[in-house]
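Listed in order, the protein sequences are those of chains F and S.
For the first sequence, the positions run 1 to 468 when this note's numbering is used.
For the second sequence, the positions run 1 to 85 when this note's numbering is used.
One should not assume that every hint holds.
To be verified - Subject to a maximum C-alpha distance of 30 Å in a straight line, what follows is the list of computed DSS-like cross-link-like pairs (lysine-lysine):
no. : chain 1 : residue 1 : chain 2 : residue 2
1   : S       : K74       : F       : K431
2   : S       : K54       : S       : K18
3   : S       : K54       : F       : K15
4   : F       : K32       : S       : K74
5   : S       : K18       : F       : K52
6   : S       : K54       : F       : K21
7   : S       : K18       : F       : K431
8   : S       : K54       : F       : K52
9   : F       : K52       : F       : K174
10  : F       : K173      : S       : K54
11  : S       : K54       : F       : K437
12  : F       : K293      : F       : K61
What the hints assert, rightly or not - Examples of chain F residues lying across from chain S (beta carbon under 7 Å, computed):
no. : residue
13  : I86
14  : S89
15  : V93
16  : D169
17  : M282
Because the hints were derived from the structure by calculation, they are not lab data.
Quick reminder that beta carbons are idealized off the backbone N, C-alpha and C, glycines included.
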Amino acid sequence: MSNTIIGHNLLSELKREAQKKRLAGENFFADKIVNDIFANAEDIVRKNVVRKDKQINWSQKADNVLTSKITGYPIMLLTLGVILWITISGANVPSAILADVLFRFQDVLTGIFMYLGAPDWLHGVLILGSYRSLAWVVSVMLPPMAIFFPLFTLLEDLGYLPRVSFNLDHIFKKARACGKQSLTMCMGFGCNAAGVISCRIIDSPRERLIAILTNNFVPCNGRFPILIAIGMIFGAGALASHLQSAAVAGIITGMILIGIAVTFIVSWALSRTLLKGETSSMVLELPPYRRPKILAVLYRSFIDRTIFVLRRAVLVALPAGAITWLVSNVYVGEMSILAHTANFLDPVALAIGLDGFILLAFILGLPANEIVFPILIMSYLSSGYMIELDSLADLQILLVSNGWTWLTALCTMLFCVLHWPCATTLLTALKETGSKKWSFLAFLIPTGMAFLVCFIVAQSARLLGLAP
Amino acid sequence: MQGAKPKNKSQITLSQMKEGSACTIADLHLEGLLRRRIMDLGFIPGTAVQCVRKGPTGDPIAYTVRGTTIALRKEDAAKINVFMA
């Protein structure tokens with residue numbers, strides 16, 4: 001070593017030499033450093049910290065139940081079901097009130113436009129287009145969000161989510177993925193873009209990519225209202241009102257479980273094809289449970305999440321509403337541009353159990369899933385059924401008169417859970433992976449799964465004669 | 001380096017510990033980033049460690065070390081030797 005000629009890149013040579021020494025010492029230096037740091041810390045603790053012995057270990061007791069072989073899984077499922085049930089049954093009344101107020105205000109606005117003698121097209125674009133889809137987004141989205149987000153933040157604050165990872169890790173291990181992926185999926189319930197960002201907690205790049213590519217299979221808050229509305233109309237319509245919320249919660253829990261199952265299947269397949277590799281390690285901290293700070297939870301979930309997501313939805317809804325009104329009211333020949341496009345999409349859409357308008361609404365909803373349903377309603381309304389929509393019963397009449405069956409409802413819900421991510425999520429994936437190829441796959445994989453699953457469901461139902 | 005086999009009778013691996021039992025860490029047969037991370041969390045030779053609970057299928061396993069609960073996968077825990085108390 002002493003006769004090594006030292007070149008001009010002295011520093012890098014030295015660094016390499018140091019690295020070699022360190023590795024040759026079989027972790028000796030690194031271990032020594034860690035040892036000394038801990039010895040130092042222990043010393044400080046011994047001199048300054050007085051521990052009270054009396055505290056009962058509540059966390060251990062809670063974990064005995066929450067991560068037990070017998071009760072661990074049922075409690076997870078039950079928690080999910082109860083949160084959805086509270087969200088659905090709690091959102092009904094405020095949704096109806098908001099819709100009532102906002103649509104009454106629409107009449108006032110229309111009155112003003114008439115008084116001023118504004119042209120019909122202006123009234124159409126601004127009121128029937130922008131304002132009405134805004135009213136729909138707010139009245140349908142706001143109440144479930146304002147209930148769901150605080151409840152979920154509460155769970156997060158309690159420290160329950162790492163236990164979910166602890167319980168589910170062995171399944172992720174079988175898929176050669178990381179148990180922490182379940183944490184990123186929990187974030188995805190709120191917003192998939194946030195879910196994709198949270199994948200940074202996964203250390204192995206391969207497993208992080210798997211989590212990013214599959215995050216979209218967890219339905220985000222923008223998609224819940226679609227599931228709730230359809231579940232309410234087609235799944236629980238015949239039941240007594242006090243059973244409805246529970247039935248809808250059951251249906252949506254089922255949909256979420258399908259999404260989770262697809263997550264596992266796709267993760268498993270990716271680990272064996274595009275992202276080949278063995279599972280790496282997982283180190284997961286289980287922090288003690290703590291009493292949630294209710295006010296902080298309310299503030300954080302309301303300001304940080306609800307307002308943020310709602311603002312984005314509103315910003316997209318205004319232009320999208322105007323554009324949808326335009327394309328559904330500008331006629332080329334006998335039909336509007338919207339109807340032409342829907343007709344064009346019809347054959348493909350019918351094969352997967354949807355119709356052209358539904359598929360078109362999902363495509364136009366790319367900027368934000370929140371506007372899919374308002375767009376769909378507007379396109380149905382403009383195709384001849386001019387009724388006032390202020391209740392779910394009206395919505396049911398509208399959908400059924402447009403040819404919806406239970407199969408349409410089921411396929412629309414499946415498509416909603418599985419289809420391509422919204423534009424924000426795709427852009428986030430691009431930012432996080434730094435690769436156009438992986439971002440494109442983040443679009444392609446869900447799209448493929450949605451078409452595949454809906455196609456199989458629709459075709460088998462028709463083959464068995466269960467649906468037209 | 002590769003042999004994670006315990007050297008004598010009183011030594012077992014972290015993954016062989018029974019739920020509720022306590023041991024002292026002997027040595028770690030882990031390499032690279034994982035070794036660093038696990039040591040940074042306080043798994044260093046001479047430290048008392050307690051096996052708190054196993055996951056629903058026996059994997060991962062949660063250990064308490066220096067007042068913190070950390071879950072490790074079985075394969076990783078099998079590379080850490082401990083002295084039985």
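Structure-based check of each hint:
1. S/K74 x F/K431: Answer violated: S/K74 to F/K431 is near 34 Å, above 30 Å.
2. S/K54 x S/K18: Since the Cα atoms of S/K54 and S/K18 sit roughly 9 Å apart, the hinted pair holds (cutoff 30 Å).
3. S/K54 x F/K15: violated, 43 Å
4. F/K32 x S/K74: Satisfied, since the Cα-Cα distance of roughly 26 Å is no more than 30 Å.
5. S/K18 x F/K52: holds, 28 Å
6. S/K54 x F/K21: Roughly 39 Å between the alpha carbons, so the hint for S/K54 and F/K21 is violated.
7. S/K18 x F/K431: violated, 45 Å
8. S/K54 x F/K52: Holds, at roughly 28 Å.
9. F/K52 x F/K174: violated, 42 Å
10. F/K173 x S/K54: holds, 15 Å
11. S/K54 x F/K437: This hinted pair is violated, its Cα atoms lying about 39 Å apart.
12. F/K293 x F/K61: The given pair, whose Cα atoms are some 21 Å apart, holds under the 30 Å limit.
13. I86: Hint violated; F/I86 Cβ to chain S Cβ min 26 Å, cut 7 Å.
14. S89: Hint on F/S89: violated, closest Cβ of chain S at ~31 Å, above 7 Å.
15. V93: Interface hint status for F/V93: violated (39 Å vs cutoff 7 Å).
16. D169: holds, 5 Å
17. M282: F/M282 check passes; min Cβ-Cβ to chain S is 5 Å, inside 7 Å.
In terms of the numbered hints stated before, the structure departs from hints 1, 3, 6, 7, 9, 11, 13, 14, 15, listed from lowest to highest.
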